[in-house]
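Undergrad: Now for the letters of each chain:
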Amino acid sequence: MAKPRAESPAGLPADEASLVAALRRRDERAFLALVTRYNPALLRLAQVYCGSRAVAEEVVQETWLGVLQGIDRFEQRSSFRTWLYRILVNRAKTHGVREGRQVPFSAPEGDAAERAVPAERFRPATDPVAPGHWAVPPRAWGGSPAGQLETKETLAVIMKAIAALPPGQRDVITLRDVEGLSGAEVCNILGLSDTNQRVLLHRARSRVRAALEHYLEPE
Amino acid sequence: MPDTVGLSCQELVELVTEYLEGTLSAGERARFDAHLATCPHCSIYLEQMRRTIAALGHLPAAAVPPAALEALQEHFRRWKEAE
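Protein chains in written order, with my numbering: chain A, 1 to 219; chain B, 1 to 83.
Hints listed in this document are in silico derivations from the structure and should not be mistaken for laboratory results. Treat the hints with care, since some could be wrong.
Said to hold, decoys possible - Now the stretches of chain B that chain A is said to cover, found in silico as 3 or more residues with beta-carbon under 8 angstroms:
1. 29 to 36
2. 55 to 65
What the hints assert, rightly or not - Under the rule of at most 25 angstroms between Cα atoms (straight-line distance), these lysine to any residue pairs were calculated in the SDA-like manner:
3. A:Lys93 - B:Ala62
4. A:Lys93 - A:Asp72
5. A:Lys160 - A:Ile71
6. A:Lys152 - B:Ala54
7. A:Lys152 - B:Ile53
8. A:Lys93 - A:Pro166
9. B:Lys80 - A:Arg29
10. A:Lys93 - A:Pro128
11. A:Lys152 - A:Ile71
12. B:Lys80 - A:Gly70
13. A:Lys160 - B:Ile44
14. A:Lys160 - B:Ala54
15. B:Lys80 - A:Glu217
16. A:Lys160 - B:Gly57
17. A:Lys93 - A:Glu57
18. B:Lys80 - A:Ser182
19. B:Lys80 - A:Val20
20. B:Lys80 - A:Pro166
21. A:Lys93 - B:Ile44
22. A:Lys160 - A:Glu58
23. A:Lys160 - B:Lys80
24. A:Lys160 - B:Ala61
25. A:Lys152 - A:Glu217
26. A:Lys93 - A:Phe80
Glycine residues also receive a C-beta, built at the ideal position from the N, C-alpha and C atoms.
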């Protein structure tokens with residue numbers, strides 16, 4: 001795993017820093033505040049790795065124990081959140097190994113030529129008029145830009161699409177787009193280069209978009 | 001009006017993430033923008049990617065199960081006493 005990269009202290013929310021300081025003073029309320037804030041995200045991420053809800057819950061519990069064991073040595077060279085996710089990822093890996101499951105963390109995988117959109121949807125390179133231009137273009141989804149996609153049904157389609165992604169893509173899109181971490185944080189947590197992180201994110205987003213398109217305009 | 005500044009639609013869709021991440025070179029970015037200005041299909045595609053990303057940020061997260069919270073409180077107290 002790569003060394004934690006230095007991050008600007010300004011990137012640390014003030015109250016998070018004070019929660020961490022309070023936790024070091026053995027303040028239980030600070031611990032519970034951190035648990036309340038991060039547990040849902042940890043659980044969601046753990047489920048991505050572990051499959052089963054039961055194992056995911058166990059991994060999350062172990063992660064918090066790791067926090068207690070390590071908090072005095074946590075140097076705040078990375079944000080608390082980055083540090084926390086790294087503990088989770090390490091625990092999840094350990095579990096995967098123990099259970100004999102492959103947890104392939106993240107090199108770009110699969111077909112090097114994986115396309116965002118199938119080639120059949122474009123005119124061929126030999127097309128005399130418009131090579132590489134849309135043959136079957138996307139159609140506007142309608143609705144307001146913000147709303148509409150956030151219905152229960154649509155979110156279920158998205159969750160299913162994420163579950164079907166190759167593991168590396170799933171890791172990255174979960175941390176980036178679902179949890180809202182920065183690219184730098186994700187590289188740090190997963191030990192990825194910027195370029196690999198972007199490739200995985202691109203493929204993952206493209207696949208989720210395709211799943212939504214399929215759902216919203218079936219044919 | 002095909003051929004939009006030497007960037008085909010098929011090439012553009014592969015650059016969307018870099019475009020949104022701000023990692024395209026100035027030249028590539030200009031070609032991307034110029035293509036969008038004349039290609040309604042790619043504008044729709046980009047909009048779909050943006051809405052996909054926005055929706056990903058709205059997945060529900062479960063609250064902490066009470067039993068898990070109690071177990072963690074117990075761990076905390078043992079950790080504190082073990083000093």
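Undergrad: Does each hint fit the structure? Answer for all of them.
TA: Do the hints match the structure? See the list:
With 0 residues bearing a CB less than 8 angstroms from a CB of chain A, the region 29 to 36 of chain B misses the requirement of three and the coverage assertion fails. Under the rule that three or more residues need a Cβ within less than 8 angstroms of chain A, the assignment of the region 55 to 65 of chain B holds, with 11 such residues. With a CA separation close to 22 angstroms, the supplied pair Lys93 of chain A and Ala62 of chain B stays within the 25 angstroms bound. Of the supplied pair hints, the one linking Lys93 of chain A and Asp72 of chain A holds, its CA atoms being roughly 24 angstroms apart against a limit of 25 angstroms.
A C-alpha spacing of about 36 angstroms is found between Lys160 of chain A and Ile71 of chain A, which places the hinted pair above 25 angstroms, so the restraint is violated. Restraint check: the Cα-Cα separation between Lys152 of chain A and Ala54 of chain B comes to about 14 angstroms, which is no more than 25 angstroms; the hinted pair holds. Of the supplied pair hints, the one linking Lys152 of chain A and Ile53 of chain B holds, its CA atoms being roughly 16 angstroms apart against a limit of 25 angstroms. Between the alpha carbons of Lys93 of chain A and Pro166 of chain A the distance comes to roughly 16 angstroms, so the proposed pair stays at or under 25 angstroms and holds.
Distance hint between Lys80 of chain B and Arg29 of chain A is fulfilled; the C-alpha atoms sit about 13 angstroms from each other, no more than 25 angstroms. A C-alpha spacing of about 52 angstroms is found between Lys93 of chain A and Pro128 of chain A, which places the hinted pair above 25 angstroms, so the restraint is violated. Of the pairs offered as hints, the one joining Lys152 of chain A and Ile71 of chain A is violated, with about 38 angstroms between alpha carbons and a cut-off of 25 angstroms exceeded. Straight-line distance between C-alpha atoms of Lys80 of chain B and Gly70 of chain A comes to about 13 angstroms, which keeps the hinted pair within the 25 angstroms bound.
Annotation: proposed proximity of Lys160 of chain A to Ile44 of chain B holds, straight-line Cα distance about 24 angstroms (limit 25 angstroms). Only pairs whose Cα atoms come within 25 angstroms are accepted, and Lys160 of chain A paired with Ala54 of chain B is accepted, the gap being roughly 17 angstroms. Only pairs whose Cα atoms come within 25 angstroms are accepted, and Lys80 of chain B paired with Glu217 of chain A is rejected, the gap being roughly 56 angstroms. Distance check on the hinted pair: Lys160 of chain A and Gly57 of chain B sit about 15 angstroms apart at the alpha-carbon level, within 25 angstroms; holds.
With a C-alpha separation of about 14 angstroms, the suggested pair Lys93 of chain A and Glu57 of chain A falls inside the 25 angstroms cut-off, and the hint holds. For the hint linking Lys80 of chain B to Ser182 of chain A, the alpha-carbon distance of about 33 angstroms lies beyond 25 angstroms, and the restraint is violated. For the hint pairing Lys80 of chain B with Val20 of chain A, the CA-to-CA distance comes to about 15 angstroms; that is within 25 angstroms, so the pair holds. This hinted pair does not check out: Lys80 of chain B and Pro166 of chain A have alpha carbons roughly 41 angstroms apart, beyond 25 angstroms.
For the given pair, Lys93 of chain A sits about 40 angstroms from Ile44 of chain B by alpha-carbon distance, which is inconsistent with the 25 angstroms threshold. Taking the CA atoms of Lys160 of chain A and Glu58 of chain A, the gap is about 23 angstroms. The hint holds against a cut of 25 angstroms. Annotation: proposed proximity of Lys160 of chain A to Lys80 of chain B is violated, straight-line Cα distance about 41 angstroms (limit 25 angstroms). At most 25 angstroms may separate the alpha-carbon atoms for a hinted pair to count; Lys160 of chain A and Ala61 of chain B meet this at roughly 15 angstroms.
Taken as a hint, the Lys152 of chain A and Glu217 of chain A pair is honoured in the structure, with Cα atoms around 17 angstroms apart against an allowance of 25 angstroms. Between Lys93 of chain A and Phe80 of chain A the CA atoms are separated by roughly 20 angstroms; this keeps the pair inside 25 angstroms, and the hint holds.
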